[in-house]
Amino acid sequence: MIAFGLGIASRNSALDIIETFYPLPAVNPDEDFARELSNLCELRFGDSGFRSLDAEGLEVFFAAARDAFQHEQESVAARLRDSERPILLCLSHGQSPPTSAPEAFLKLHLLSHRLARPHEQNLDGIFSVLHNLAWTSRGPVSLQDLPNLLLEARKQGETLSVHSVDKFPKMTDYVVPSGVRLADSARIRLGAYVGEGTTVMHEGFINFNAGTEGQAMIEGRISAGVMVGENSDLGGSSSTMGTLSGGGTEIVSVGRNCLIGANAGIGMSLADGCIVEAGLYLTAGAVVRELDGEGNLVRTCKASELSGLAHRLFRRNSLSGAIECLPRKAHVTLNEELHAHN
Amino acid sequence: MIAFGLGIASRNSALDIIETFYPLPAVNPDEDFARELSNLCELRFGDSGFRSLDAEGLEVFFAAARDAFQHEQESVAARLRDSERPILLCLSHGQSPPTSAPEAFLKLHLLSHRLARPHEQNLDGIFSVLHNLAWTSRGPVSLQDLPNLLLEARKQGETLSVHSVDKFPKMTDYVVPSGVRLADSARIRLGAYVGEGTTVMHEGFINFNAGTEGQAMIEGRISAGVMVGENSDLGGSSSTMGTLSGGGTEIVSVGRNCLIGANAGIGMSLADGCIVEAGLYLTAGAVVRELDGEGNLVRTCKASELSGLAHRLFRRNSLSGAIECLPRKAHVTLNEELHAHN
Amino acid sequence: MIAFGLGIASRNSALDIIETFYPLPAVNPDEDFARELSNLCELRFGDSGFRSLDAEGLEVFFAAARDAFQHEQESVAARLRDSERPILLCLSHGQSPPTSAPEAFLKLHLLSHRLARPHEQNLDGIFSVLHNLAWTSRGPVSLQDLPNLLLEARKQGETLSVHSVDKFPKMTDYVVPSGVRLADSARIRLGAYVGEGTTVMHEGFINFNAGTEGQAMIEGRISAGVMVGENSDLGGSSSTMGTLSGGGTEIVSVGRNCLIGANAGIGMSLADGCIVEAGLYLTAGAVVRELDGEGNLVRTCKASELSGLAHRLFRRNSLSGAIECLPRKAHVTLNEELHAHN
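Chains as they are written, first to last, in the working numbering: chain S, 1 to 342; chain E, 1 to 342; chain B, 1 to 342.
Calculated directly from the structure, the hints in this document are not laboratory data. C-beta: ideal position from N, C-alpha, C; glycine also. Misleading hints may appear alongside valid ones.
[Said to hold, decoys possible] Calculated cross-link-like contacts (lysine to any residue; reagent style SDA-like; alpha-carbon spacing at most 20 Å):
hint	chain 1	residue 1	chain 2	residue 2
1	E	K302	S	A310
2	S	K155	B	S75
3	S	K155	B	E84
4	S	K155	B	F62
5	B	K155	E	S13
6	B	K155	E	K302
7	S	K155	B	L291
8	S	K155	B	N296
9	B	K329	B	N296
[Claimed, not checked] From the derived model, a few chain S residues whose C-beta atoms are all more than 12 Å from chain B:
hint	residue
10	N28
11	D47
12	R81
13	S83
14	D184
15	A303
Given these sequences and hints, build the entire structure.
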């Protein structure tokens with residue numbers, strides 16, 4: 001996959017580019033257009049990189065887009081002619097790791113625009129190319145510039161509010177994908193892949209390179225790398241164990257038509273149609289009693305060995321305290337009124 | 001119940017009214033005043049609806065309020081004479097479902113102003129009359145208008161931040177009821193009923209048509225439809241199971257002087273003076289051992305069958321793993337310093 | 001400990017000082033400088049208090065700072081000469097309780113600047129000297145002034161958003177300490193002590209007078225008074241029981257190299273190198289089976305009696321349902337890429 005984006009960049013007081021907004025990122029341009037873009041960036045064809053565009057460079061892009069019949073790209077270029085902020089063009093190869101902040105932002109945009117799925121791009125080392133910034137009521141600010149701005153704002157009777165100090169911004173300041181509700185967007189990072197028809201409630205969270213396949217109700221936490229299948233429901237404060245901290249190494253996924261109950265969690269993948277009872281944390285190494293439809297013991301094994309089984313209910317027996325896995329009966333239906341009007 | 005409100009509306013670029021702010025909603029006006037308001041809205045007496053008011057219409061409202069000795073209404077009308085945004089008058093009948101966004105907003109205002117209690121109004125179909133909006137640093141924006149605004153703001157070096165994409169705004173941008181603390185108001189929807197003396201901490205959440213009766217410490221989630229009694233405490237990340245998703249149908253409530261521990265949860269109602277131990281999720285169908293004061297087994301039954309019993313402690317026996325219900329002894333007291341200064 | 005700060009104050013419409021920002025608070029000035037500051041505040045040496053400074057007072061401070069070779073203080077004083085908001089000087093004695101809002105804000109700044117550690121200052125009665133304010137997109141507003149501002153903003157087509165109604169603001173509007181990432185700063189109160197190298201993820205929370213010693217990954221809740229040791233990891237939605245509500249009285253702490261799993265919790269302190277399994281809430285009174293390295297029962301006791309033991313794993317046996325404490329083997333390592341680039 002080759003991606004490109006015409007972006008509006010922010011610089012700090014030291015003139016470093018600290019972030020980039022791409023109004024219309026795109027993937028896999030036809031080869032002639034791709035070669036034009038590589039030339040414009042002074043890159044070898046197929047390489048990743050970016051170049052700041054002056055007025056002339058922007059016109060070259062405009063002409064190339066027109067020649068390639070990319071009318072939306074052409075239109076964005078035209079609108080950026082009077083930009084007060086620096087414009088850049090970035091090319092990114094899906095298989096190579098990001099080598100600059102503008103490229104990392106492009107890769108994250110692709111995910112949130114649903115142009116690349118989680119795990120489809122190489123994101124190795126992304127923490128080291130992104131700047132840790134203060135995301136303020138006046139936009140992103142370098143941490144070295146912040147104390148001065150705070151003092152100046154205060155003494156003039158103005159307000160400068162710092163919403164986050166992080167390498168990743170919130171998605172919605174860059175991308176709002178179609179057909180979603182995102183109740184508290186501070187909890188959804190740029191780079192989240194939010195499927196059409198997904199509702200993320202106030203307690204929901206989606207990290208970058210993670211998300212949902214389609215219609216879903218997310219009131220729990222989707223850790224980096226985790227994908228949740230269509231028509232699944234993550235209850236309030238439910239947890240999917242990630243690999244970024246805490247020592248886990250397996251990449252967790254959730255199948256279709258699953259329900260992870262409120263305050264429950266998984267350290268292993270779930271196949272389609274599984275339910276984890278509210279309040280049960282199912283770590284990969286938990287020893288589980290597998291039961292058949294009549295409640296007879298089939299075997300005792302680690303939870304991770306059951307992660308391929310569909311249509312199972314995981315619960316803690318409320319009399320014996322044992323974790324059990326049994327065939328499920330009831331069918332989960334997401335509330336239709338809630339989902340019909342995204 | 002009949003309610004009315006003089007409101008300030010927002011329109012999108014297609015001129016639809018997308019939301020309405022009512023500075024002083026009111027219920028049950030005397031009949032003469034109510035008839036005047038119905039006439040002004042061109043409605044039959046008793047019907048719900050709204051009408052945009054021009055300058056003349058606003059004067060008719062002003063005169064009617066004066067004639068009815070509604071001096072606060074009169075004063076609000078006077079202040080709205082120089083409004084730069086459209087003014088409307090909305091009437092809403094408690095028993096009829098909302099038929100427009102302005103009426104839905106009026107019903108939600110009534111809840112947060114404590115003029116209507118949860119379940120007192122018909123809210124059927126509210127999801128279908130509310131618009132899914134981007135709630136931004138520049139106010140509510142229609143999703144179709146958003147990409148253009150994001151691009152224009154960026155290229156001018158300005159910031160447009162999208163805090164939420166949802167049908168319901170946060171309550172505090174419309175109503176801050178008396179005597180409350182709301183640590184992170186992004187987690188309290190318009191339509192929450194927050195009792196006098198309630199503190200909602202950062203982890204607390206209150207959905208619309210739900211809330212607290214009076215003094216309460218809320219660090220957990222109050223789902224749509226759930227009411228929490230006076231002097232109760234919901235611990236951090238505790239959960240009350242709602243009916244909007246996950247398949248539940250019973251409406252849960254919490255009595256007075258209850259404590260739901262941190263990371264605990266209930267799928268059934270609690271009577272007065274009950275404690276659910278931290279970390280225990282008590283689903284309605286969990287089989288529970290009911291014990292007497294000496295620890296002898298009374299019976300084994302579903303948790304939902306115990307929801308009428310007051311002064312009970314629910315816990316999971318930490319040696320046997322069984323969920324138990326026993327008479328409680330200790331008395332829960334909310335921290336006085338925390339609550340004395342709301 | 002004696003602390004001082006030159007601050008920029010906000011007043012409400014009744015001219016009360018409702019909050020104060022201190023760009024450069026400091027502790028333990030040399031005695032001559034300290035006496036000058038006491039004189040300037042018209043206080044007896046060693047007493048706490050504050051005084052509003054006029055232009056002349058500011059010059060006295062400037063000269064005193066210069067004489068004491070406090071060049072950063074001198075520089076701040078110089079920058080405040082053209083402040084449009086009132087300037088004050090506040091002195092605070094560590095052992096005396098705060099007696100005013102400006103002094104309470106100074107004490108909270110000291111914590112977040114890491115100039116005072118949690119429990120090092122007397123904070124008795126802090127709830128009664130702080131004002132409950134609306135923290136808005138235009139800065140802090142008294143609650144009595146709010147309805148008027150909301151109405152005026154709306155009718156002019158502007159937006160006034162209320163982010164919080166609380167006595168404590170969010171830390172990052174006042175202090176951003178070095179070497180941290182704070183994904184959603186609405187969840188970190190002024191007065192939090194965030195150690196160098198700490199990452200607080202979106203689900204993390206830190207109350208005032210609480211925090212982390214150094215490098216840490218915080219995705220859970222650090223209650224008021226709780227300290228977390230270096231290199232520890234609090235999983236998503238994990239809970240540390242505080243003393244402000246819910247009836248607890250013991251002050252909880254977490255040692256170094258600990259891991260509290262996702263959705264887990266503690267009502268007791270943890271020694272170094274302990275793990276609490278994901279989903280397990282370990283209340284102080286829970287009866288626990290202590291096992292040796294071979295899995296043999298050592299004794300059965302309350303969890304609180306085990307809080308001095310290092311390198312232990314606490315888990316609920318997934319077959320028997322009993323809570324167990326056993327020597328741990330695996331070593332927790334925080335993800336290096338996540339932490340190397342704070």
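Here's how the hints hold up against the structure:
no.	hint	in the structure
1	E:K302 <-> S:A310	violated, 27 Å
2	S:K155 <-> B:S75	holds, 14 Å
3	S:K155 <-> B:E84	holds, 6 Å
4	S:K155 <-> B:F62	holds, 17 Å
5	B:K155 <-> E:S13	holds, 18 Å
6	B:K155 <-> E:K302	violated, 55 Å
7	S:K155 <-> B:L291	violated, 61 Å
8	S:K155 <-> B:N296	violated, 66 Å
9	B:K329 <-> B:N296	holds, 16 Å
10	N28	holds, 29 Å
11	D47	holds, 24 Å
12	R81	holds, 29 Å
13	S83	holds, 25 Å
14	D184	violated, 9 Å
15	A303	violated, 8 Å
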